[in-house]
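Trainee: Heads up: the protein sequence lines correspond to chains R and X, in order.
Residues 1 to 236, numbered by the working numbering, are exactly what the first sequence covers, in order.
Residues 1 to 421, numbered by the working numbering, are exactly what the second sequence covers, in order.
Hints are computed from structural coordinates only; laboratory data are not their basis.
Any given hint could be a false lead.
Okay, the calculated bits of chain R under chain X, using three or more residues with CB under 8 Å as the criterion [to be verified]: (1) 123-132; (2) 200-212.
Straight-line distance between alpha carbons at most 27 Å, and here's what the computed BS3-like set of lysine-lysine pairs gives [said to hold, decoys possible]: (3) R:K71 with R:K39; (4) R:K131 with X:K383; (5) R:K71 with X:K159; (6) R:K204 with X:K402; (7) X:K271 with X:K221; (8) X:K308 with R:K131; (9) X:K159 with R:K131; (10) X:K221 with R:K131; (11) R:K204 with R:K113.
Even glycine gets a Cβ: it sits at the ideal position worked out from N, Cα and C.
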Amino acid sequence: MRQARFIATMTLLASLAAPAFAQLAGDADRGEGFWNQCKGCHMIGPEARNRIGPPLNGIFGRRAGAVEGFKYSKSMARMGSDGLTWTFETLDAYIDNPKALVSGTRMAYRGLKDPQDRADLIAFIREFSDKPRDIPEAEPSIVTSQPQLADEVLALQGDPDFGEYLASECGTCHQGDGSDQGIPSIVAWPEEDFVVAMHAYKQKLRPHPVMQMMAGRLTDEEIAALAAYYATLEPQ
Amino acid sequence: MAHNRRTFLGGAAAFTAATLAAPAVIGQAKPRVVVIGGGTGGATCARYIAKDSDGAIDVTLVEPNATYYTCYFSNLYIGGFRTFESLAHSYDKLTGEYGITLAQTTAEGVDRDAKTVTLASGEVLSYDRLVIAPGIDFRDGAVPGWDLAAAEIMPHAYKAGPQTQLLKAQIEAMPEGGVFCMVAPPNPYRCPPGPYERISMVAHVLRERNPTAKILLVDPKEKFSKQALFEEGWQKHYSGMIERIGPDFGGANVSVRPDTMEVEIDGTVEKVDVCNVIPGQQAGRIAHVAGVTEGDWAPVDPFSMATKADENVYVLGDASAQGDMPKSGFSANSQAKVAAMHIRGALTGSRVFPAKYSNTCWSLIDTEDGIKVGASYEPTEEKIASVSSFISQTGEDAALRKVTFEESLGWYAGITADIFG
């Protein structure tokens, strides 16, 4: 009965889960080649200033239409006040097809169609924005979603050994002896409660930002492994 | 040399005893890991290797201090929110419960060809895998007029311990209406929000004890971590007390004169009462001695934390150049677990799973006004790359800030138990 309920829960949650897409880590050196298509209008680097287009230093995390002294199209200014912020995803969409994202943009560029080419160009531009090493809240430096795991790892469903390794990350905050000060105990939770709670964080139904981040990068198998491991622990 | 040979013979004797006791491993001595540095990265790595290998790996931790004081929460001690003793951690559990050998001395040399570490005592340790986790040292000449000898007058207080006590005592002894000055470091440095949490804690103390005192923050950086949150908090709690001089106004052009307690900022001399100099930083000395650094830091393989220079030598935490992770205790703890897993895999054939990294930094602005920033990371061929992040928001209500502060207390208890057992 317990097993049947567990499977039913997993199926329900799996149908809600977002599809996985592969990580696209750009190659900044290769991207510098594509910058030739941009540099007729845009500057980047220490001497950058407004030209036909605005400078692209520090663009990551910046509101659209926000460079002081630059005359934007009405359309771009409007997108900025609506909240468009430049990230990997929004830059990717804009470079793919500028008018699809900002209808009245003045940027006369036909678009860069290959996703890897765009990722490389964005990686080059990313070099001129805040580094997360120095400012941890800076925009991410690669696009990713679900971690891609080898088949042999994927086969370890509910594997407490794998769970024990993954749990080393949880143990930085959640204490193994089950103490409960400021951060709740997760020791000896029933497996299915654990799985449901983690998927609720993953889908951002539960609000806590640290847990949304941690759960958001766990696969179904990893959540199952963690649940299997924590179920074996005894509070001390 | 004689000592070297004696160590070798001692090793051979131990080897013989081991083969007698455990015939299953005939022809194979117990693999040895030496960990240099008993801070967050080193102690976590030592504990995880010892714990998860169940005695199959011989772990020696080289650390000169009997007691470790965490840098994280040392600002809270300055602010009066923690006792000094609460920052202290001993290695007793690591040695007693996990069988780790503590060599209470410094490492002076590393011979990567011979796979040996020479200690200050002259003793030579051989290793199969070496972990170097020395934290930071200050760069010579980073702030003209300041050197380590001047730290007795103008403390850095950026390695927790007596320096932290000295700075706290100086702040509490400031004359009425005096000036506290901080010279903040350039990027990259340990704990990006650390200097600004410290400014908050100093302001908290002065508001209670010396409300007409002023705080001068001299900063070479245009932007800093959690800037909007700190500036909102300073405006709210410490209005009019804190002046920040950024690079536009000469914050990157600073020298100090410890003998006269003066700070020269872009040609203008300021007389101050306390001066907290946090200079530019580099990997701790032994990482350079081992020859695994390029420039100030030691580049590492993002998938394992092994150095690019030598696959048998790992560098963890602040001393490493890995990509996007900030130099923080949380990062070092996270990296140490990945390294421990790889080292066990190499030495005992245990399973190696894909690396996962994360970081969260909590900071305190005033009583029960806590904020946080964090991110998760993945290894790529080029670097450990940030894939998602979050940060506390400006304008959050007091109840949420209190919960965030309480969470930081839970985190401190959790991570120190995770490091020291």
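Trainee: Now tell me, hint by hint, if it's right for this structure.
Mentor: Against the structure, the hints come out as follows:
1. 123-132: Result for this restraint: holds, n = 3.
2. 200-212: Coverage by chain X holds for the stretch 200-212 of chain R (3 residues, Cβ < 8 Å).
3. R:K71 with R:K39: 18 Å, holds
4. R:K131 with X:K383: 12 Å, holds
5. R:K71 with X:K159: 49 Å, violated
6. R:K204 with X:K402: 22 Å, holds
7. X:K271 with X:K221: With a Cα-Cα distance of about 23 Å, the restraint between K271 (chain X) and K221 (chain X) holds, given a limit of 27 Å.
8. X:K308 with R:K131: 22 Å, holds
9. X:K159 with R:K131: 24 Å, holds
10. X:K221 with R:K131: Holds. K221 (chain X) to K131 (chain R) sits at ~13 Å (cutoff 27 Å).
11. R:K204 with R:K113: 32 Å, violated
Hints 5 and 11 from the earlier list are contradicted by this structure; the remaining hints agree with it.
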